[in-house]
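Asker: One-letter residues, chain by chain:
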Amino acid sequence: MPDTEILLAELFGYQLFEQDKRLQLMTEDTLCRYDDDDMISLNDLEVAAGGVSDIPPDIEGGKKE
Amino acid sequence: MNLSFSPDQLYIEYKPIVMSYISARVTCNEDAEDICGDVFVKLFGLLESYDEKRASVSTLLYKITHDAVIDYYRCKREQDELSEDHAVLPSSEDIIMDRERADELIKALSKLPQQQRDILILRFYRGWTLVKIAEEMGLSYNKVVSRQNSAFKALREMLGK
Numbered sequence: 001m002p003d004t005e006i007l008l009a010e011l012f013g014y015q016l017f018e019q020d021k022r023l024q025l026m027t028e029d030t031l032c033r034y035d036d037d038d039m040i041s042l043n044d045l046e047v048a049a050g051g052v053s054d055i056p057p058d059i060e061g062g063k064k065e
Numbered sequence: 001m002n003l004s005f006s007p008d009q010l011y012i013e014y015k016p017i018v019m020s021y022i023s024a025r026v027t028c029n030e031d032a033e034d035i036c037g038d039v040f041v042k043l044f045g046l047l048e049s050y051d052e053k054r055a056s057v058s059t060l061l062y063k064i065t066h067d068a069v070i071d072y073y074r075c076k077r078e079q080d081e082l083s084e085d086h087a088v089l090p091s092s093e094d095i096i097m098d099r100e101r102a103d104e105l106i107k108a109l110s111k112l113p114q115q116q117r118d119i120l121i122l123r124f125y126r127g128w129t130l131v132k133i134a135e136e137m138g139l140s141y142n143k144v145v146s147r148q149n150s151a152f153k154a155l156r157e158m159l160g161k
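If you read the protein sequences in the order shown, they are chains A and B. Quick note on the numbering used here: the first sequence kicks off at 1 and runs consecutively. Quick note on the numbering used here: the second sequence kicks off at 1 and runs consecutively.
Worth flagging that the hints you see were computed from the coordinates, not collected in a lab. Hints may be right or wrong, so weigh each one.
[Claimed, not checked] Derived SDA-like pairs (lysine to any residue); straight-line CA-CA distance at most 25 angstroms: (1) A:K21 / B:K42; (2) B:K132 / B:K143; (3) B:K107 / A:L8; (4) B:K42 / B:I12.
With the sequences and hints as input, model every part of the structure.
Answerer: Shown next as structure tokens:
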């Protein structure tokens, strides 16, 4: 019998390739409650809109001309 | 070969997905990059005879990637008999997920109490440790372990195993 833990790990690996809507909704539901990091940040939206550089300021500041 | 996509498009679209899958299973970044390269070489080799009507390219790519990770561990085990480090080896090839098995497991997951499901998702999808899950959920570590074990038991029962 495949171990339940391996099955679950494989399910989420499979989900990367074959997006299942039900699993996606379950996952989003959990992440909304416990993991704010996964939510789209304002910075992401600004970068997506092309308005703001995604280079962290410390790296940008370290650039030499 | 009469495909609705080019190899370049496939590479751009799927490389991050393939790398995510491999990186979650292979800790050495260099090895993960090598495996990823091998996966696309194999995929491009198969495209000549690939029939889109039989299976989606994502399904084909999933199988190639899964097999590549299994081969990597098999090869590593042959080179190095220290099997302890390789306990994370996906222990059998028959674990490869197909639509039917995924469907069964997703249905079973959806029937779990919300908190049990959350624990499994945070651990297996997000990759959190049980300690972090306990902190974020405001539960004791022992309670998280106990609920995780109850979830495993319930899943095994629902899957008839």
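Asker: Please write out, lowest number first, the hints stated earlier that are contradicted by the structure.
Answerer: Those not satisfied come down to hint 1.
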